[in-house]
Every structure is written in structure tokens, then in C-alpha cells.
Amino acid sequence: MTEMILTLFNGISLGSILLLIALGLAITFGLMNVINMAHGELIMVGAYITYLVQNIFMQYAPEKYFDLYFILSIPLALIVAAGVGVLLEVSLIRHLYKRPLDSLLATWGVGLILQQLARTIFGAPNVGVQSPSFLNGGLELGSITFPYSRIFILLLSLICLACIFYYFYRTASGRRVRAVMQNRQMAECLGVSTRKVDMLTFAIGSGLAGVAGCALTLLGAIGPTIGTSYIIDAFMVVVVGGVGALFGAVAGAFGIGIFNTIFEFLTNATLGKVLIFILIIAFLQWRPSGIVINRSRSLD
Amino acid sequence: MKKKLTLFMLMLLFTLVMAACSAADNAANADKAEETNEAKPTETGSETETATEESDTIKVGILHSLSGTMAISETSVHQAELLAIKEINENGGVLGKQIEPVIEDGASDWPTFAEKANKLLQQDQVATIFGGWTSASRKAMLPVVEENNGLLFYPVQYEGMEASPNIFYTGAAPNQQIVPAVNWLLENKGSSFFLLGSDYVFPRTANAAIKAQLEAEGGELTGEEYTPLGHTDYNTIIAKIKSENPDVIFNTLNGDSNVAFFKQLNDAGISSDDITVLSVSVAEEEIKGIGADVIAGHLTSWNYYQTTDTPENEEFVANYKAEYGEDAVTADPIEAGYFGVYLWAQAVEAAGTTDVDAVREAAKGITFDAPNGTVTIDGDNQHVYKTVRIGEVQSDGLINEVWSSDEPIKPDPYLEEYEWASELSESLE
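Same order as they appear, the protein sequences are chains A and B.
In terms of the numbering used here, the first sequence opens at residue 1 and continues consecutively.
In terms of the numbering used here, the second sequence opens at residue 1001 and continues consecutively.
Rather than coming from a laboratory, the hints here were simulated on the basis of the structure.
Each residue gets a CB set at the ideal place from its N, CA and C atoms; glycine is no exception.
One thing to keep in mind: the hints can contain errors.
[Stated by the list, open to error] Derived list of chain B stretches under chain A, where covered just means 3 residues or more per stretch with a C-beta under 8 Å from a C-beta of chain A: (1) 1168-1181; (2) 1202-1210; (3) 1221-1229; (4) 1286-1294; (5) 1385-1396.
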């Protein structure tokens, strides 16, 4: 019984990590149809921002305020990654909206540049971030320990999700974004500045990648190649969930997370990964458009 | 508008090319240095083959992963080898010639290692290669050095069951690290073991030997798990460990995975008092990345620690810090890479030439006062005699010795001395 609960929790936890890294991509790839291979590097930017903020706090802040660095680094990672995203959109992606394959190559190149930049600035070896003390240890319920860091990531991803839903479905600006994504010409005719909307949407997607990077520092090491190890998972979630549907990304992330954990628990890590890929292929045979099918003309 | 776009595409192309080039940045720089060096003596129009013979430098290859998941470990070995080369050059070089390193990046990718080793031996005509970390990278380079009759100095502990005439193994053979560690754990920590490793040659072979040893010596195996290199989610495996509740986890994870594993083990509320983890691929350099607070109290098994108390080590640590900064730490593979260069230089001096066969013959029985103590090349299998040390990680990130074999142990890569291993070496050959 305890094993079952723990496996379920681990699955949900993995799902929340997947959701966090895929949420940004669900917007840039799912809604805007930009195959942004540099998404992983935007995650890396967020992770390194956390590392920087930590170092600044270590040097200048009094010790008792040290833990605050993590709280501060979340919005900072969001802003910086969004800034990089805007730069990317204005200088590059804007010119490639109608050429998805070119944008794939170009963003891949940008990813390589960002990786090399990180390697030059921070050095090739990976760096670690000291988790804030309030996230050390775990919540003990009976014989099961739920690590605080995992609970925190779960909450963070749910908060991000709530904010995104509120923005897209409850604000005027979000409505404009949806209008542009659904029918660009019509939105333009009605006086929406699609340029501005594109930039804003891409910035939001990139900013979310930054937040994901910040959360990933709680789990493992940060290195120039951290993004490449997550980009496949992120695309997997978006494709399984259904391109163009935010809710699909949620279902995809938790579905993959839970099944992956169960398979890994029953077999081993390598075989678990194989089984989850087989499951995904089988699923896409059955439903090629993913879990949530978005019937919209603009996607054809 | 159209012009602007074309201009922009040109810029993009340029940046992409730049990115592709910068990956091979170090290598390119080394090549450049080499060109300028060669330009002087070969003014009279030259063939590269004779240039190596006649020039006043001896080229050696340095081939480690400077990027990718193994860069965390290999970059510092690469630095230690450069330090040794610099020291030797300052003392007059080898055979009166300066050593000139040719640097290549293996990029944590095994076929790249083979390709670059080939390039170093055929194009650069290096006298020897210092390089590799993972066994997979060594296995990739092995056929290349054998085919070209080159030399490779491999600085990392490994799983044994190999003795190529073209490779010198300056890291520990299994009987100099893993076997004594298992013995020590059985005596001091308990008999139920959980084996966790990365999914490639070294952990799988090492664990096969550990399982045979446990069976022969009354240990109990509670579980065995492998994860792909670079794996970062260990919650499920930690859940399995919890339900098995072993006395000891024998950890053969490599690279970044260690960071994730120890962080998550700590988060799951398992401390070194509950279950001790003994790692064979975590040294001072990796502890910096993991964070000393989450790994403190766990054990490691190596031949050398930064705290090892010898006069040679004091000097080595001081020199290394002077070269690479006060925060730099030394570790076993760093030290093995460092003295490997010295062993090669001594063998070349003894042979009077850089000819591979002559150097190999001359290397037999050569000794050197390395930071870990006196090391001697075993003429039969080209491994080295080394002292075994088990250590405990301290909260400052250094490792304190808790047990030592007190004298150098003879290398035994095929575990011939151990009865339980007899079937093992047959099945793996």
C-alpha cells in the first residue's frame, strides 16, 4: 500500500516536472507552431540565473536571508528568459513564421550558441545550487516521506498553470492572443497588432521555460547541456497532449509521468523508458492528434 | 525589406558557423599553436612526417570530454595532465625536447573518442595519448591504438578484464578499489547490498564481479539497478531502495547522475546513518558539484585523496591550486592523469626514443613517487601498483581516509588471485 502511494506520488511529481518544462513549449510550439529547439536552452538560462542569484546572496546577503534567494530567483528567471525570448523572436523567429523547417534549424543553432555561451561564461563542468533550507527534508506521513522539493515543484507547476489559464481565458490580452492563434487574418482585420501579440506570446512561453529551469536546480546539476536532456521530453508531452491545446499538455504530462514511474518501478529505468516510448507510439497510432483534438482551421 | 532579410539570413548563417566552430574551439587553438611552432623549423618546404622527427618538440595527444555529461569529471584530469607537461617542460622536457600537447575534445561521445584518437595518431603523429574516462570511451579507443601501434595512458579506475599492450592503466584495477571496498563493507557496515550504476560497460562488469564476491563471502544482494548516463530522476529507485532496506548501496553511477541521486536521496530523508552509500566514481571534484552537505558521511574507495599525507602530495596540491585557483580540488583520477605523464616521460628517457615498442619495453618496472605514494608499472599487464584507501566525505567537501592498505597492492585486472572470480573472467573474455 505504502509503495503504491509512493509510486503514485512519484508519478505525479515527475508529471509536474514534465508539465513545467512543457508548458512554455505548449505555448510556443502548440499555439504559435514554432518548432523552438532552443526551448531547452531557455530552461538552461533560468537554471543559471538561479545559480547566479544564489552566488550573489552567498556573497552579499546576511546568512539568515540566504533562503530568500530561491524565491527571488523565480521571477528573475522568468523575466530574463522572457527577455531572451523576445530578443529571439524579434531578431529571428519573426522572419520565419511561415517556414517551420527553417525555424527548426535556426533555433537549433541558437541553442548551440547559448550552450557555448554558457560554457564560456560558467565553464564546462556542471555547477550545483544549494537548495534553500526550507525545501530540505520531507513531509512524513506514517512511513512515507514526501520530499518538500517535490511538493514545491508540484505547487509551482500548478500555480504556473493557473496563471496561464487565467491569462488566456479571463483577460482581454489573453483573448487577443487566442484570437491571433486561431485566425490571424481575421484578428488583423479587427485591429489586433499581431506582431505585438506574437512577441508577447513567445515571451510568455520563454519565461515559463526560465521558471522550469529554476525548479530543475532542486533536482540535479546545472550544466550547459541541461536543456538537451529535457527538450525531447517536452516535445513528447506537447505531441501526446495534442498540439494547440493547453489542457492536453497537462493530461500528457501527468499521463507520461505516472506511466513512466509505474513502468520504472516494475522493471528498471532503461526498460521503463523503452516501454513509455512504445506506449506513446501506440497511443499516437490510435489518436494521431494527441489526447485533446483541437479542431481549428488555422492548424491545418 | 527583402535586403534586410537577406542580410539577416547571412548573419544567421555566420552565427551558426561560429557555433559549430566554437565546439572545437580548444582543438582549433591547439592546432593553431602547433602551426606557428612548426612554421619556423620547416621553412624549407616539408613533409609532416619528417617534421615530427626533426622538430624540437614531442607531440602528445590529450583527449578528454571537455563538453557533455562527462565534462564535470574529465576537464580537471585534462588540466592535471597539462600541469604535468608544463612542469616537465620547465625542467628541460623529455630527451631535451619540449612536450607539445595536442588537445582534442571527446565530447562525452564514444565514437568521437575513436575518431579523435585516430586523428591524433595518424595526422598529428603523437608519441602517446593521455585520455579517456568512461570504460566505453576506452573500449572505443582500444582498437584504434592497437591498429596504429600507438600508446594510451588511461587515468581512471575501471572494471578490469583487460590488458592491452598499447594501453597503460594508471587508475585502479578492481582488486585495488572495488574488491577491498566490498571486503571492508562486509566487515564494517553489514552484509546486504544494493547495486546502483549507470548503464554501460564499467558498472555492469564491476557489478558482475561484486555479485560473485558477495556470493562467495556470504553477502546478500537485495537489488540491482541501472540508469542511462545523464539520468536525473531517482525517486522511483529510491522508493525501491527504501522497500528493500539494504545496509549498503554500492554506487557505480558516473557523471551528473550522482548529483541528482545524492540530492534526492537526501530529500527522501535517507542519511548516511540509515544506509551508507559507497561510491567508486565520486571524488573531490564531483563532490563540489553534488554539494558537500548532501553527501557528507558517505564513503568512497580510491587510491588517493586531496588529504593524503605525503610530501609529494603537499607539493602537488599547492602547484595545482596555484595553476587553477584556490577553489580547485585534486582527486584520484586527476592525480592518476598527472603521474601518468611523468611515468611516460620516464619511460621515454629510459628508452632514449619515443618509439612505442621501445617505450613499452623500457616502462616495465619504472617507479615514480606520485602524490599517493610510490607507484610502479607492472611489466606484465601495464597497470600500476597502488595503495588502496577508503574514505569518508567531510562536510567541507574533502575526504578523510578511514582505512588504507598501507602498502601498494599488485594490480590484478583479471582477478586471478580470487577463486570466486575464476568463472567470471572466463565468461567475460
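Evaluated hints:
Note: the region 1168-1181 of chain B has 0 residues with beta-carbon separation from chain A under 8 Å; the three-residue rule is not met and the coverage is violated. Using a Cβ-Cβ cut-off of 8 Å, 0 residues of the region 1202-1210 of chain B lie near chain A, which falls short of the minimum of three, so the contact claim is violated. With a cut-off of 8 Å between beta carbons, the region 1221-1229 of chain B has 4 residues touching chain A; three or more are needed, and the interface restraint holds. Three residues within the 8 Å Cβ limit are the bar, and the region 1286-1294 of chain B against chain A gives 5, so the coverage statement holds.
With a threshold of 8 Å between beta carbons, the proposed coverage of the region 1385-1396 of chain B by chain A is violated, since 0 of its residues qualify and at least three are required.
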